[in-house]
Amino acid sequence: KQEVTQIPAALSVPEGENLVLNCSFTDSAIYNLQWFRQDPGKGLTSLLLIQSSQREQTSGRLNASLDKSSGRSTLYIAASQPGDSATYLCAVSGGGADGLTFGKGTHLIIQP
Amino acid sequence: NAGVTQTPKFQVLKTGQSMTLQCAQDMNHEYMSWYRQDPGMGLRLIHYSVGAGITDQGEVPNGYNVSRSTTEDFPLRLLSAAPSQTSVYFCASRIDRGHGELFFGEGSRLTVL
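Residue numbers (my numbering), protein chains in the order written: chain V, 1 to 112; chain S, 1001 to 1113.
Pulled out of the complex, with its shape left as it was, chain V reads as follows:
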C-alpha cells in the first residue's frame, strides 16, 4: 500500500527566508506527484504537477523536484512571504493505489 509522509508537520519561519518542504513515498511506481496548497476552511489548490519522467517543475517562487527511485520530492519556496502561510500537501498518483495518496501536510507559518 502506497504511503506518503511529509516532514516537517509544522514549520514557522521569518519572512524572506528560503525553505524546503519534504515528501517521501513508499512505492516508486507512480504516474506523477502533485503539490497542493490548502488555506483554512478552503479547498486544495494545485501548485505543481511533476510527471514521473520529470525531475523538477517551477512556477514563480516555487520549485518542486522529484527523485522517483528514492521515493522523494521537495518543494522549495524562495523568498517566503506571509501570504505563503498555509498547509502544503503532497500527493502521488499510482503506486498501486486508486486516485491520489496524500501526505498529511506541512502547516507553514511565515512570520511578518
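If you are wondering where the hints come from, they were derived from the structure by calculation, not from laboratory data.
A couple of the hints might just be wrong.
Per label pair, the in silico range of CB-to-CB distance [what the hints assert, rightly or not]:
(1) V:Ile109 to S:Lys1009: 35 to 43 Å
(2) V:Thr45 to S:Gly1053: 37 to 45 Å
(3) S:Asp1038 to V:Thr26: 40 to 48 Å
(4) V:Asn18 to S:Lys1009: 30 to 38 Å
(5) S:Gly1016 to V:Ser28: 38 to 46 Å
(6) V:Arg55 to S:Ser1069: 23 to 31 Å
(7) S:Ser1069 to V:Glu15: 43 to 51 Å
The beta-carbon is built from N, C-alpha and C at its ideal position, and this holds for glycine as well.
Knowing the structure of chain V, use the given hints to seat chain S on it.
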C-alpha cells in the same frame, strides 16, 4: 470555466437521515472522485469514477453511494448518516485516471448529530 462546483457548502444532519452532496465539473474530465478530510487522518478516497456509467470504491466507501450518469456530474449519497461521517468532503476531477492535475472543489462541511 467554473471548474469543480460542490453544493451544499455546509449541512447539518441528524443520525439516520439521508442526503446527497452534489458535484459538477465543466472541464470534460473523465475521472471524478470524492475524498473526505478528517483531522489527523488526512484525505482519504471514498469513491471514484473513470467515466460515465463506471464507478468504483476507494479506501473508505462504506455508508456512501455514487453514480455517474453524465460526464459532468458525480453525486455522493449518504444513505443513513452516522456521526462518524462528520467530515469535510471534497470532490475532485482530472482528465483521466492517471494523468493530469487533480482539481478540487471548495468542499462541503457535513455535521451529523
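Original post:
Between Gly1016 of chain S and Ser28 of chain V, is the Cβ distance one that fits in 38 to 46 Å?
Top reply: holds, 45 Å
Original post:
Between Arg55 of chain V and Ser1069 of chain S, does the beta-carbon spacing fit 23 to 31 Å?
Top reply: Violated - the Cβ-Cβ distance for Arg55 of chain V and Ser1069 of chain S, about 41 Å, lies outside 23 to 31 Å.
Subject >> Cβ separation of Ser1069 of chain S and Glu15 of chain V, checked against the hinted range 43 to 51 Å >> reply: Distance hint for Ser1069 of chain S, Glu15 of chain V holds at roughly 50 Å.
Original post:
Using the C-beta atoms of Asn18 of chain V and Lys1009 of chain S, is the stated range 30 to 38 Å upheld?
Top reply: holds, 36 Å
Original post:
For the pair Asp1038 of chain S and Thr26 of chain V, does the Cβ-Cβ distance stay inside 40 to 48 Å?
Top reply: violated, 22 Å
Subject >> Thr45 of chain V versus Gly1053 of chain S beta-carbon gap, inside 37 to 45 Å or not >> reply: violated, 30 Å
**OP:** Could you say whether the range 35 to 43 Å given as a hint is met by the Cβ separation of Ile109 of chain V and Lys1009 of chain S?
**Re:** violated, 26 Å
The structure fails to meet hints 1, 2, 3 and 6 from the earlier list, while all remaining hints are met.
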